[in-house]
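Visitor: Okay, here's what each chain looks like letter by letter:
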Amino acid sequence: MAELAVDKHVKYILAVEKNKDSFESVVMDHLRMNGAYWGLTALDLLGKLDSVNVDEVISWILKCQHESGGFSGNIGHDPHILYTLSAVQVLALFNKLDVLDIDKSIVSSCTSCFAQVSKLDITGLQNEDGSFSGDMWGEVDTRFSYIAICCLSILCCLDKINVEKAVSYILSCKNLDGGFGCTPGGESHAGQIFCCVGALALTGSLHYVDKDLLGWWLCERQVKSGGLNGRPEKLPDVCYSWWVLSSLIMIDRVHWIDKEKLVKFILDCQDMENGGISDRPDDAVDVYHTYFGVAGLSLLNYPGLKAIDPAYALPVDV
Amino acid sequence: MKRSEQDELKYTEDMIYANFSNYSAWHNRSVLLSALFDKKAEGFLLKEKVLPEEYEFIHQAIFTDPDDQSGWFYHLWLLDQTVTTDSPLLASSWPVHGSDVLLVGDRCYNGSAFSPFSALHSDSGSFPIVLYFNQPVGGVNSSTVTVECGFNKNEDLLWKPLSASNSQTARVWVAHLKVPSSDLHSTVEVSVGHTKGIISTRGFEYGHPSMFSFKVHVQPMERDSSQVSVAESISLREENFKVYGKQSEESIIDSFDQLIIKNGHETTASNWRFEALAKEIECFRELLSLVDCKIGKLTLARLLKAYDAMSYPFANKLVHSEEVLELYSDLMKLDPTHYQFYKDERSIVLLQKVTSSKGSLLQHCFQYKDSVSSAICGPICLRLNNLSLSRMGAFEKLLWVQMLDLSHNELQSIEGLEAMQLLSCLSLRNNKLRSLTALEPLRKLKSLRILDISYNQIGDHSIDTTRYVCSSPLSHSVGSELNRDETVTSDVALINNWEAFYIFKDFNLNQLDIVGNTIADEKFKSVLVKIMPKLKQLDGKLLD
Chain A
1 MAELAVDKHV
11 KYILAVEKNK
21 DSFESVVMDH
31 LRMNGAYWGL
41 TALDLLGKLD
51 SVNVDEVISW
61 ILKCQHESGG
71 FSGNIGHDPH
81 ILYTLSAVQV
91 LALFNKLDVL
101 DIDKSIVSSC
111 TSCFAQVSKL
121 DITGLQNEDG
131 SFSGDMWGEV
141 DTRFSYIAIC
151 CLSILCCLDK
161 INVEKAVSYI
171 LSCKNLDGGF
181 GCTPGGESHA
191 GQIFCCVGAL
201 ALTGSLHYVD
211 KDLLGWWLCE
221 RQVKSGGLNG
231 RPEKLPDVCY
241 SWWVLSSLIM
251 IDRVHWIDKE
261 KLVKFILDCQ
271 DMENGGISDR
281 PDDAVDVYHT
291 YFGVAGLSLL
301 NYPGLKAIDP
311 AYALPVDV
Chain B
1 MKRSEQDELK
11 YTEDMIYANF
21 SNYSAWHNRS
31 VLLSALFDKK
41 AEGFLLKEKV
51 LPEEYEFIHQ
61 AIFTDPDDQS
71 GWFYHLWLLD
81 QTVTTDSPLL
91 ASSWPVHGSD
101 VLLVGDRCYN
111 GSAFSPFSAL
121 HSDSGSFPIV
131 LYFNQPVGGV
141 NSSTVTVECG
151 FNKNEDLLWK
161 PLSASNSQTA
171 RVWVAHLKVP
181 SSDLHSTVEV
191 SVGHTKGIIS
201 TRGFEYGHPS
211 MFSFKVHVQP
221 MERDSSQVSV
231 AESISLREEN
241 FKVYGKQSEE
251 SIIDSFDQLI
261 IKNGHETTAS
271 NWRFEALAKE
281 IECFRELLSL
291 VDCKIGKLTL
301 ARLLKAYDAM
311 SYPFANKLVH
321 SEEVLELYSD
331 LMKLDPTHYQ
341 FYKDERSIVL
351 LQKVTSSKGS
361 LLQHCFQYKD
371 SVSSAICGPI
381 CLRLNNLSLS
391 RMGAFEKLLW
401 VQMLDLSHNE
411 LQSIEGLEAM
421 QLLSCLSLRN
431 NKLRSLTALE
441 PLRKLKSLRI
451 LDISYNQIGD
461 HSIDTTRYVC
471 SSPLSHSVGS
481 ELNRDETVTS
491 DVALINNWEA
501 FYIFKDFNLN
511 QLDIVGNTIA
521 DEKFKSVLVK
531 IMPKLKQLDG
541 KLLD
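Read top to bottom, the protein sequences are chains A and B.
Residue numbering for the first sequence follows UniProt numbering, starting at 1 and increasing by one per position.
Residue numbering for the second sequence follows UniProt numbering, starting at 1 and increasing by one per position.
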């Protein structure tokens, strides 16, 4: 069975971060903030976060902050809730040296580097019915509910939004198969399920989830090859190894899939020569799938990786 | 222009006929039908007319290609629509209707007139009344549930939901009734739902008002409690047990029949449910005779279980449980990827089978023999060890249990155990519990004094799968008062072991065994002693 080529992946990630002229980099320019989160978290899980220049990253992030407090995907782009979360997550990653335990983090987060970030106005994005918009243009999606809740939770100011309404909006997107959609009545999809289950987990509301029903829907995402798909009769993809897997872990049904087969599938998606992980075996690699592959392996207790938290999507020690 | 639901429904039908492997279409269909049922739209008033057609429709998809998942979830939804009655009902209670509850303060009781199944050892001067509903409900309080007895005022009773976090809805509700310490023989009447207010999470009112009554007898303490020796440790080992004897079998017969409240208001209108299930069972048996497929076996198992569950209050046996157990065993071989899922389902069916008749239940009932004297005393111990159980279930039939032996199984979760409010002694030795947060259900067991979690896997795994299912600071479901508590925040050892702190601080244990878990080193044990100052014995060692 293939093994995780740690060094190759580290090299690949560092190369992507540095290479601003490649085609890939240009195309992904507007979501560089997400890319930073994916790459850096993956490096941390692999135990190699120290290969990066902390100050450089932090100063770049702060340059992406706008007056409203939100962050954009890159310098010169518009702010959006998607990038704001990634920014906060990356900052949390680097502060990990100060965070030895839960209680101290509440204190340190409010004083140090987060002082500037706490001005951001996510609370302004909550709508009347409890849902969240991605930015001032108003698109509503349960992904944004998760992002808002996760972000404010990391910053320990969850009380700044109407949590009850946020939860009831998420529950209005619960489907008859136990899953969740992007809006009420929307079809169940693994990505949306992760966002909704994550948001409910972070607000202590998992008792509203029918764990057995959803658990069966999720465990049936595992196909013969061992990989996980996002919906019935679709192809498996490494990114679902994160979304389906972390959802299963949060509702304590992960034992309903075959973990070993999934590990093998993820390892088969590696590019053993150049590093990186792709969506399925023999496809092109990218940072996004590299992160999800590594995170998935962490959730599966793959030896040598740091443990990651399924709801926050950050290493447990953070 | 908004299309009507009926138009949309036709559209999904067209899409499905074009290609049945269309998950979106099936999903939309279920949403539309749901809305039409709710609205009681014309043509959709009676589920019994609509559902059989839908079953025909979905068969075309499933039977053509049993491996295509698109229709599976739709079929499951149809089954749910067929089986589930909207209104919540009381499924079971403790004490059971017509029983005699004896409250004793000592460990031994003298009353041979009373069945050991309802002799309760209480050192708190009160006992719990437990209500177990068939689905989660809210609104249980002293207005909607009235308890009439000579010695307590109904308004003083506080009903609490047994749920993991701050939720106000739960399947199980409990209130504690205080009893005077003198000799007492009194009748208690509990009326449920005579006033509106008990509502299920789906929004339906409690079905039919029901009532049960029981007698309470208090046996005053014979010995001074301070004389009870500290060295009373209970060890659930083989030699300490004697199978519960055949004497006084008559007195328990009644209590077993009453373990499930007979909601005798099933009208003949529900015959359509039986017919629909019977037809489905036939169809799937036919499918399986042609194709040995996973969805066929799984659906058949579900259908047989549903059929048994619906007929149980009338028949006294679960007719199909052997067949269902075999189906799950087949599935474990046919679809090894999902082995643990089938194992969990199988465990629940096994427990329902064991608890379904007094004969099978009695085989697992033992009486604890005091090793000091050879007198038999103490409550009945239900021994469910060595059954390969990976999950617990059948709680509605286990509310009476005070001593439970679940050792040597494969439990990685004890979800639902919070319903067993009378539990004072529990062994989970040699199981597969992976983290301290998995012990969350035990926090609600106020009577628990003896706990054995030795030889599990606590501390082995870095990924905690029950972290968000229990109340913790990470899920913001624990009050922040504790975060500001000086004694807590200044103690580094407590901070580093915050999981142990949140789980164990509310326990009132006398005896604990944790040896054989990776986490249980000397340092951890000293933290535990700090968290539980009342603990008398840890891993067999007496504490000062």
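In short, the hints are calculated from the structure, not lab data.
Careful, some of the hints might be misleading.
Keeping only pairs whose Cα atoms sit at most 25 Å apart, straight-line, the calculated DSS-like set for lysine-lysine is [said to hold, decoys possible]:
#1 B/K10 x B/K49
#2 A/K259 x B/K353
#3 A/K264 x B/K343
#4 B/K530 x B/K541
#5 A/K211 x B/K178
#6 B/K397 x A/K174
#7 B/K333 x A/K261
#8 B/K196 x B/K153
#9 B/K358 x B/K279
#10 B/K40 x A/K174
#11 B/K47 x B/K397
#12 B/K541 x B/K523
#13 A/K306 x A/K11
#14 A/K306 x B/K541
#15 B/K153 x B/K446
#16 B/K343 x A/K224
#17 B/K196 x A/K259
Visitor: Does each hint fit the structure? Answer for all of them.
Guide: Going through the hints against the structure:
no.: 1; hint: B/K10 x B/K49; result: holds, 17 Å
no.: 2; hint: A/K259 x B/K353; result: violated, 31 Å
no.: 3; hint: A/K264 x B/K343; result: holds, 23 Å
no.: 4; hint: B/K530 x B/K541; result: holds, 16 Å
no.: 5; hint: A/K211 x B/K178; result: violated, 36 Å
no.: 6; hint: B/K397 x A/K174; result: violated, 31 Å
no.: 7; hint: B/K333 x A/K261; result: holds, 16 Å
no.: 8; hint: B/K196 x B/K153; result: holds, 21 Å
no.: 9; hint: B/K358 x B/K279; result: violated, 31 Å
no.: 10; hint: B/K40 x A/K174; result: holds, 22 Å
no.: 11; hint: B/K47 x B/K397; result: violated, 31 Å
no.: 12; hint: B/K541 x B/K523; result: holds, 15 Å
no.: 13; hint: A/K306 x A/K11; result: holds, 18 Å
no.: 14; hint: A/K306 x B/K541; result: violated, 36 Å
no.: 15; hint: B/K153 x B/K446; result: holds, 22 Å
no.: 16; hint: B/K343 x A/K224; result: holds, 20 Å
no.: 17; hint: B/K196 x A/K259; result: violated, 48 Å
Hints 2, 5, 6, 9, 11, 14, 17 from the list above are not met by this structure, while the remaining hints are.
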